[in-house]
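Residue numbers (numbering that gives the first Met the number 0), protein chains in the order written: chain A, 0 to 251; chain B, 0 to 485.
If you are wondering where the hints come from, they were derived from the structure by calculation, not from laboratory data.
When the alpha-carbon atoms are kept at most 20 angstroms apart in a straight line, the in silico SDA-like pairs for lysine to any residue are as follows:
(1) K269/B - A469/B
(2) K138/A - E459/B
(3) K429/B - I87/A
(4) K138/A - V470/B
(5) K350/B - N182/B
Residues of chain A placed beyond 10 angstroms of chain B at every Cβ, according to the derived structure:
(6) D20
(7) A112
(8) Y240
All of these numbers come straight from a predicted model, not from anything done at the bench.
We put the beta carbon where it would ideally sit given N, CA and C, even for glycine.
These are the residues of each chain, in order.
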Amino acid sequence: MLDIQGLHATVGGTEILKGVDLRVAAGETHAIMGPNGSGKSTLAYVLAGRPGYEVTQGTVTFDGKDMLAMPVEERARAGLFLSFQSPIEIPGVRLDHFLRAGYNETRKAAGEAEFDVLKFDRLIKEKVGVVNMDYAFTKRFVNQGFSGGERKRNEVLQMAVLEPKLAILDEVDSGLDVDALREVAEGINSLRSPDRALILVTHYQRVLSYVVPDRVHVLAGGRFVAEGGKELALEIESRGYDGLVGGTGASG
Amino acid sequence: MTTPEKTTPQAIASEEYKYGWTTEVESETAPPGLSEEVIRWIAAKKNEPDWLLEWRLKAFHHFERLLREERTPEWAMIHYPPIDYQDIIYWSAPKAKVELGSLDEVDQEILDTFTKLGIPIEEQKRLSGVAVDAVFDSVSIATTAKDTLAKHGVIFSSFSEAVQEHPELVKKYLGSVVPYSDNFYAALNAAVFSDGSFVYIPKGVRCPLELSTYFRINAAGTGQFERTLLIAEEGAYVSYLEGCSAPMRDENQLHAAVVELVAMDNAEIKYATVQNWYPGDEEGKGGIYNFVTKRGACRGVASKISWTQVETGSAITWKYPSVILQGDDSIGEFYSVALTKAHQQADTGTKMIHLGKNTSSTIMSKGIAAGHGSNAYRGLVQIMPNAANAKNYTQCDSLLIGDRSAAHTVPYIEVRNNSSSVEHEASTSKVSDDQVFYCQQRGLSGEDARSLIINGFCKEVFRRLPMEFAVEANRLLEVNLEGAIG
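All chains, please: the whole structure from these sequences, using the hints.
Here it is, written out as structure tokens:
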């Protein structure tokens with residue numbers, strides 16, 4: 000589904016990604032771990048196409064298409080979803096209106112009929128249950144006045160509605176207490192399917208005991224330095240990144 | 000052999016301003032320029048009573064003095080070359096084949112004009128629930144649904160007709176809220192005013208329809224100087240909306256209107272404007288100079304006047320819809336969205352004058368400046384010594400698009416007693432790249448993302464508009480911002 004080869008990227012003229020290779024197949028869940036500044040979030044943003052994140056080398060193929068040639072919204076409509084580490088506020092824009100607009104664009108791109116207000120309302124009523132979110136939230140302005148936990152639930156709700164092929168979840172557990180984390184993780188797990196791939200970008204192992212990954216990759220200094228099964232996350236938990244990656248982070 | 004079609008600047012501009020066409024119609028006009036003779040000509044044309052002519056002449060002499068003493072208002076943040084008041088035609092009307100009065104006698108061209116503008120006035124095409132007065136240059140063409148309204152005792156007619164049919168009401172209220180000496184443009188309007196709407200809601204009547212006036216400037220070289228008077232007697236309620244547009248022309252055209260509202264005990268007036276005069280082209284050439292005086296008097300106890308305006312057109316907008324809160328417990332509101340793009344300039348806001356006890360006012364202003372646009376909020380909150388326990392809440396938000404636009408906030412607050420409270424909040428923001436990226440990541444195009452964010456910014460004002468017009472306002476903002484952002 001996703002094939003990244005030799006990816007280099009710069010932000011503000013500084014090279015952050017220095018040759019990243021990654022393959023993710025449908026149905027798989029991958030975790031990308033790494034110390035602060037390793038380039039984890041940069042990788043997520045580069046895949047989503049955030050302006051200011053410039054790819055200097057390498058290729059990214061998504062569902063057989065050259066993803067780097069696609070503008071942000073086309074990647075989204077093709078089934079790429081990014082759960083933001085810090086979800087953005089949009090004052091005056093109701094969450095359900097916002098989400099229906101994006102949903103209908105995705106349907107249009109797929110040649111499907113748009114959902115009218117009533118039909119979409121039924122859909123969203125069903126989806127709020129996935130993350131145990133109060134339906135009333137969907138009538139509020141996007142992320143405005145939401146607590147950290149509510150914002151994260153909202154990201155997962157959006158994922159549930161948009162039903163992406165590939166979801167990249169950037170630090171989805173940050174700002175969540177244990178109970179909220181469990182609920183959000185349950186929501187994510189319920190969205191796992193043989194057709195869908197997940198990439199969890201995280202500093203800590205904690206979320207991975209709820210959403211158990213098939214593969215764990217360790218990013219340091221803009222390159223993958225270790226790869227393994229779910230037990231690798233536990234090893235990082237006990238030994239720390241320094242113990243695992245040693246001095247390699249400083250090279251290049 | 001055909002020559003390839005050339006894209007003229009007009010053609011490009013017309014994609015953005017879709018109301019820029021003209022109607023070919025034979026017109027009768029006043030002699031150009033401003034003089035006592037012209038004013039007499041207008042009054043005679045309209046068969047006006049002597050008292051009205053005298054009032055016009057007093058206004059004219061006052062205006063002449065202001066002009067001679069160079070007392071044009073200079074304080075607003077707008078820049079334009081001096082206006083030659085002798086180079087304007089003050090009255091222009093389509094030549095009537097027969098006396099106007101019935102729609103059957105109205106020129107088809109003009110009926111088509113309003114249909115094309117989305118304001119059908121022919122019986123079978125009318126919008127339901129809305130009565131419309133259609134003003135074309137200096138005359139009212141038709142007023143719809145008069146019979147339905149008459150059953151409730153509501154008078155909704157052109158101003159000219161009201162002068163003939165209800166002179167006692169016009170005489171009683173004309174100039175009672177905005178006297179001819181109020182300001183430079185109010186004096187000019189009082190001297191030469193042509194048509195506008197007249198509304199009278201009797202005691203205890205809730206007007207069964209939305210009332211609406213559509214103003215269309217068509218003729219070249221003319222100005223439009225309409226005057227609207229709206230009276231709500233004790234316990235009456237009315238919701239009124241005006242819209243306007245004009246053809247695209249390279250020269251600037253002057254629009255100087257006056258609106259007066261009077262609300263008696265427990266009466267409520269909601270007055271909304273969707274202003275879409277031709278704004279000029281990308282380089283700032285042409286466009287309407289919009290100098291308007293709008294004021295409401297809450298004369299009765301617990302009366303309420305609410306102004307809502309969406310200002311997207313005009314090269315220059317200079318207007319301050321105000322409320323004089325005279326009756327105890329009266330309420331004044333002002334909700335505004337003003338958009339300036341290309342080289343448009345707006346200096347707009349409100350005045351809330353608190354005279355009565357327990358009076359309250361709310362001001363919500365949303366200014367959006369794009370391109371080289373300049374957008375100023377200017378507001379006065381004045382709480383007089385007798386206005387015990389008066390309250391005001393003001394919120395002024397500015398949204399800047401691009402790096403050549405400008406926003407200013409000029410609030411004046413004057414409190415002359417110590418039992419009142421005034422709150423003022425202001426903010427200036429930009430459409431952030433993060434917001435746009437977030438929307439795009441959910442599937443919206445960049446353009447749709449920006450218009451969604453801007454509409455969100457205007458939300459609190461748009462929700463005050465009658466439903467059909469809120470949709471129109473949303474759409475107008477999208478059209479107006481096409482190409483202005485990117």
